[in-house]
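Using the hints, position chain B against chain A.
Protein sequences, first through last, are from chains A and B. Take 6 as the starting number for the first sequence in the numbering used here and just add one per residue. Take 6 as the starting number for the second sequence in the numbering used here and just add one per residue.
Bear in mind the hints are in silico, worked out from the structure with no lab data behind them. Accuracy of the hints is not assured; some may be wrong.
[Stated by the list, open to error] Simulated pairs of lysine-lysine, DSSO-like, Cα-Cα distance not exceeding 30 Å:
1) A/Lys19 to A/Lys353
2) B/Lys353 to B/Lys300
3) B/Lys353 to A/Lys228
4) A/Lys323 to A/Lys353
5) A/Lys349 to A/Lys323
6) B/Lys296 to A/Lys228
7) A/Lys353 to A/Lys296
8) B/Lys228 to A/Lys296
9) A/Lys42 to A/Lys353
10) B/Lys323 to B/Lys42
11) B/Lys300 to B/Lys349
12) A/Lys228 to B/Lys300
13) A/Lys296 to A/Lys19
14) B/Lys353 to B/Lys323
15) A/Lys300 to B/Lys228
16) A/Lys323 to A/Lys19
17) B/Lys349 to B/Lys296
18) A/Lys353 to B/Lys228
2 protein chains.
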Amino acid sequence: MPLENLDSALAQRKAFREYFGERAYIRLHDSLDDAPKGTVVLNETVIYGYPQIGRILRLETGLQEQFRHPFHVEEKVDGYNVRVIRYDGRHLALTRGGFICPFTTDRLPDLMNLAVFDEHPDLVVCAEVAGPDNPYLVGHPPYVSEDVRLFVFDLMRQNQPAFLDDGTKEAVVGRYGLNSVTRLGRFTANDWAALQDLVRRFNDEGREGIVLKEEAPGARRAKYVTSNSSIEDIAVTAENMLQLPGEYFTGRILRLVLFMDEERLIPDDGLYRRLGHGFLDGLFRAVEQFKREGKVFHTYRCRFRRRENAEGFVRFLKHALGHGHVVQRRLYEEAGYVVLEFDKDFPKMTGLLGHLMGGGMVFD
Amino acid sequence: MPLENLDSALAQRKAFREYFGERAYIRLHDSLDDAPKGTVVLNETVIYGYPQIGRILRLETGLQEQFRHPFHVEEKVDGYNVRVIRYDGRHLALTRGGFICPFTTDRLPDLMNLAVFDEHPDLVVCAEVAGPDNPYLVGHPPYVSEDVRLFVFDLMRQNQPAFLDDGTKEAVVGRYGLNSVTRLGRFTANDWAALQDLVRRFNDEGREGIVLKEEAPGARRAKYVTSNSSIEDIAVTAENMLQLPGEYFTGRILRLVLFMDEERLIPDDGLYRRLGHGFLDGLFRAVEQFKREGKVFHTYRCRFRRRENAEGFVRFLKHALGHGHVVQRRLYEEAGYVVLEFDKDFPKMTGLLGHLMGGGMVFD
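Isolated chain A (complex conformation) (with noise of 0.2 Å):
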């Protein structure tokens, strides 16, 4: 056995058994020994999870506090982190929480070049998939208008959690004319203020942030992320306010004062005003939705190679989330692939708002 309390985090349900078609795995909901959570073990093989990555406030002080050697810094891309293998002559992808993703999966060989894997069997493609057409997150980076693209940002082997240095990703992702984020060089804690130029024109591009990676021996990692990012986030998950902690507001208010003071930004009407609508405008929308149907939900839309794969999909969802909570509208076949419709209800704010709609009390 490759993780020694497999068993016992079994029994206690901090890992679970799952099954994609025929094939079972077992994914870790909890970190175990020295796999974080979202580890996958697929018989005697472990894919690590991709480690989280501690955030930072504040690019001068924050980088002569978190970096003594020089750090490579890439574009933080708005999307869903899944990590690519091949094992048992097919190709995989794993989500952050260690799912085997059915869409992901389906759309392997339109997302990146497979052939990595033939001189590089065990390797492990940590990558960001990112488009309007996904079935995960709304919200998108502005280059990517249709559909979905992958952007890899690591490298690492299978049944080993350390990721391979930049020098190796930097020849693989070339050699294989693999989809990198933008990397955007090689810097030390004394060029903040180049650093601040950066992220200030990204916020104005409506990117999201960036990610800093230190060079061995230090290896610390960082991601640093714009003030348009934070009203995004806000604006994109307003309608879904009650199903998330408070705090995932409060948080990204905070970031988007400390980014815009920082950056010595003004804020004017505009902000003001987007921030406004940022946290109103989804839920008014909500409000309407559940007086016309009842319930909260969002349509997502995803398109296939396969129809059993988008099938296989909604399966998927429907385990993951609950068996009610997710509704397949349509699935119809265009331009060569099969596009999926579904809803994914929000059920807090279903109650919650039937409740109070109703008449209901709440104590607060």
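Leaving out everything else, chain B in the frame of chain A:
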């Protein structure tokens, strides 16, 4: 012992022994038997806590759902809740949490006609104290432009948890010229449209909302607030955002949206901007203050009749909030009063801003 389990409550720290000068008393930090949190025990006398009133977020359905009998409607005043008693020959004001408040107690002769206790020595006068010069909260009704005023809304008796009926209350208030909250009349659930008109006017006037109190036999109660009050709550607490649960803010956004939807008010640029200002201005001020002063705090001002009460109030606040979190700024005489200016620190704001602005990392 009036409350049987008081000793074990004290042992479990659900009740605390407190002192007001030489006078010892016990306050309930949690409910105990039939006595709510905030109940005060003075020797053999129990002053029951003021019970929490549930909130409705819709009038039309809420009145139908909550009230079977006619109810009285009163203005909800934006201040802090006190219970005023005469005990052992002295007039005392108790806070919602069950402390004897040295500020309100000092000012009682200014705030109400204490002769009411000559005829009714066991009366408990439940009232809101509101105005800009109060030591507890920021924000005040538009019609109290200086100092504080007291608004009576309920009467109880010592050793009894029940409220006196509306007729008795009106008679006592009238006979002693007590300043009552605005009484808006007697309604039934069918009068929801008239109450919608009324709170829309309150919203325009910057008033907080209404409290509905059913006549016996039901005696149910509910409160309902305007959207402007929700924005105002956000604006006056944003400097203090990280001291409060995030749901403080998201709950108010939800109230605002449901109020506007029920009142058929269309959000406009002014509203979006005001909400944006509400969230951002206080937090920008907190950041500036932290950079200038090394900590985040709010300066309060209030006036006392007697200097020893002002000094006692500072000691009281240091005891209630923690010694390091209250700083006396100035104590000076003005127009026959002793004016106290003091700072209340926001240690969580100071701690988190210090961590983040110093370049610290968070995992969120």
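Here is what the structure says about each hint:
Only pairs whose Cα atoms come within 30 Å are accepted, and A/Lys19 paired with A/Lys353 is accepted, the gap being roughly 24 Å. Restraint check for B/Lys353 and B/Lys300: the C-alpha separation of about 10 Å stays at or below 30 Å, so the hint holds. Proximity of B/Lys353 to A/Lys228 is assessed by CA-CA distance (about 23 Å); at most 30 Å being required, the pair is judged to hold. About 17 Å separates the Cα atoms of A/Lys323 and A/Lys353, which keeps this hinted pair within 30 Å; it holds.
Restraint check for A/Lys349 and A/Lys323: the C-alpha separation of about 9 Å stays at or below 30 Å, so the hint holds. Restraint check: the Cα-Cα separation between B/Lys296 and A/Lys228 comes to about 24 Å, which is no more than 30 Å; the hinted pair holds. Between the alpha carbons of A/Lys353 and A/Lys296 the distance comes to roughly 15 Å, so the proposed pair stays at or under 30 Å and holds. The suggested pairing of B/Lys228 with A/Lys296 holds, with an alpha-carbon distance near 24 Å, which does not exceed 30 Å.
Restraint check: the Cα-Cα separation between A/Lys42 and A/Lys353 comes to about 25 Å, which is no more than 30 Å; the hinted pair holds. A hinted pair counts as satisfied when its Cα atoms are at most 30 Å apart, and B/Lys323 with B/Lys42 qualifies at roughly 21 Å. As the CA atoms of B/Lys300 and B/Lys349 are separated by approximately 11 Å, the hinted pair is consistent with the 30 Å bound. Using a Cα cut-off of 30 Å, the hinted pair A/Lys228 and B/Lys300 holds, with the two alpha carbons roughly 26 Å apart.
Our distance criterion of 30 Å between C-alpha atoms is broken by A/Lys296 and A/Lys19, whose separation comes to about 39 Å. For the hint pairing B/Lys353 with B/Lys323, the CA-to-CA distance comes to about 17 Å; that is within 30 Å, so the pair holds. For the given pair, A/Lys300 sits about 26 Å from B/Lys228 by alpha-carbon distance, which is consistent with the 30 Å threshold. For the hint linking A/Lys323 to A/Lys19, the alpha-carbon distance of about 20 Å falls within 30 Å, and the restraint holds.
About 17 Å separates the Cα atoms of B/Lys349 and B/Lys296, which keeps this hinted pair within 30 Å; it holds. A threshold of 30 Å between alpha carbons decides the hint, and for A/Lys353 with B/Lys228 the separation of about 23 Å falls inside it, so the pair holds.
When the structure is compared with the earlier hints, a violation turns up for hint 13 alone.
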